[in-house]
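Now for the letters of each chain:
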Amino acid sequence: MDFYDLHVEIEDLKEIDEVIEISKKLGYSGIGITFKYANLNDLNELKKIKSEIDLVSCVEISAQGVKELKRKISKARKIVDIVIVSGGDYKINRAAAEDSRVDILSHPEYKRMDSGVDHIIARAAGENNVAIEINFHEILETFRKIRAHVLGHMRNNIHLALEYNVPIVITSSARNKWELRGPRELAAIGQAIGMSLEDSMKSISDIPKGIVDENRRKLRVVSHG
Amino acid sequence: MADRPKILPPTLRGKKRYIAFEVISEKNLDFSEVLNAFWHSLLNFVGELGTSETNIWFVKDTWEEKNQRGLVRCDHRYVEYVRSALALIDRIGDSRVIAFSLGVSGTMKAAKRKFFGERTLEDFEPE
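If you read the sequences in order, they're chains F and A. Sequential numbering of the first sequence, starting at 1, is according to this note's numbering. Sequential numbering of the second sequence, starting at 1, is according to this note's numbering.
No lab work stands behind these hints: they were computed from the structure. The model shown is predicted, which means the values in this text are computed figures rather than measured ones. Keep in mind that a hint or two might mislead.
Calculated pairs, PhoX-like style, for lysine-lysine (alpha carbon to alpha carbon, straight line, at most 20 Å) [as the list claims (entries may be wrong)]:
{"id": "1", "chain 1": "F", "residue 1": "Lys91", "chain 2": "F", "residue 2": "Lys70"}
{"id": "2", "chain 1": "F", "residue 1": "Lys78", "chain 2": "F", "residue 2": "Lys111"}
{"id": "3", "chain 1": "F", "residue 1": "Lys25", "chain 2": "A", "residue 2": "Lys60"}
{"id": "4", "chain 1": "A", "residue 1": "Lys27", "chain 2": "A", "residue 2": "Lys114"}
{"id": "5", "chain 1": "A", "residue 1": "Lys16", "chain 2": "A", "residue 2": "Lys60"}
{"id": "6", "chain 1": "A", "residue 1": "Lys27", "chain 2": "F", "residue 2": "Lys177"}
{"id": "7", "chain 1": "F", "residue 1": "Lys78", "chain 2": "F", "residue 2": "Lys67"}
{"id": "8", "chain 1": "A", "residue 1": "Lys60", "chain 2": "A", "residue 2": "Lys109"}
{"id": "9", "chain 1": "F", "residue 1": "Lys25", "chain 2": "A", "residue 2": "Lys16"}
{"id": "10", "chain 1": "A", "residue 1": "Lys15", "chain 2": "F", "residue 2": "Lys25"}
{"id": "11", "chain 1": "F", "residue 1": "Lys14", "chain 2": "F", "residue 2": "Lys47"}
Excised from the complex, chain A in its bound form:
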């Protein structure tokens, strides 16, 4: 018997949304700084109970150091909570920042295509 629970069928999983966000700041920031500031802001604003409902997850691989863009996953009912937490970040370390959302998407693939300019084979027309 496996030592972990089986993956739930799609109908029983929570519905999720991916929010693409960008950070404007005085100096380039790395992923862990943004992550800490975001958690701090979210916990301060909606509290521990509210945060538990948002089912938040940072997608580490998607953080683009160059453009200062990233993806965050949350429950589909609490997208606005995440947006308000982004708005309330005003300082990361000793740098002033503006964090804002670029848009919301249902899948990681679509989010990357829409907000990160990623191209797949489908974008190229066959000759």
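The shape of chain F in the complex, shown without the other chains:
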């Protein structure tokens, strides 16, 4: 089975060799090196790096308003394999779910008192094939009361996603090599918060791989003709 972690947000590209080595040891076939929208120029450096595992180029877009979001998406879409929108704000969550160019809606419950996803967003995400992300970094960096709330919100999102056939991806969202986690461990977290083991295994293997393959196919078609 090919495992993919589509959100690895390392701050310095110099660390990438160690990240690749650990990811290989953990059993990944590919990792998504995620850039902030402002650092999109580093993409060329990523293309030069040779590695045994598949390096997927991703961009994480954060925006203050819907207009800014749309502008950034249209610019990034033709360059990178995966477009991730950093959620949290309800309007951004909804705009991302209603835009089929977006691949992943990252942490919709970030810094919120609620889960950030309602039936309208879930339905839109299902129709536009926008995956909802379960962000392991959020679980790892919180504890006790806050962690309980975060897990509760994620549980809520999973429930809605399963109801409206929204794809779910589980990512480590690692900021450095010490925050990477093995695929089976991420799947175990998924199962603990309300997914079936089969679904959570798919959300670290088949679903992210499917997104990557589909986007690469589309990018090839665009560049050829």
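With chain F held as given, fit chain A onto it using these hints.
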């Protein structure tokens, strides 16, 4: 009369699984540090009641200081709990760590053979 209960017949015993795990860290760790961090993580994540259900037991003899590998025994229904507890360990002492499972096995013998590279006489073909 003996002063302890008799060992239960196999049909009445709980079914168990052995999870082999490895720890990647900045410096070499000893068994007690890993044990403490794991218990802390498990109790935090699934609580006292959840932990009681997992029937957890660390197999001390199997800890390999060199490869930083060990075995943990748990109930067969709660393997994923143990895995999530492993994932949630991020620091042992002042060293950053990644703990991950290598695999699951039904007996200690098979676990040692599969994940620790232990060889028995059965592995050698008779001449």
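Evaluation of the provided hints:
1. F:Lys91 - F:Lys70: holds (12 Å)
2. F:Lys78 - F:Lys111: It is violated: about 30 Å lies between the C-alpha atoms, which goes past 20 Å.
3. F:Lys25 - A:Lys60: violated (24 Å)
4. A:Lys27 - A:Lys114: violated (26 Å)
5. A:Lys16 - A:Lys60: holds (17 Å)
6. A:Lys27 - F:Lys177: Roughly 15 Å separates the two Cα atoms, so the pair holds.
7. F:Lys78 - F:Lys67: holds (18 Å)
8. A:Lys60 - A:Lys109: holds (15 Å)
9. F:Lys25 - A:Lys16: Between F:Lys25 and A:Lys16 the Cα gap is close to 27 Å, so the pair fails against 20 Å, i.e. violated.
10. A:Lys15 - F:Lys25: violated (30 Å)
11. F:Lys14 - F:Lys47: holds (14 Å)
The structure shown violates the earlier hints numbered 2, 3, 4, 9 and 10.
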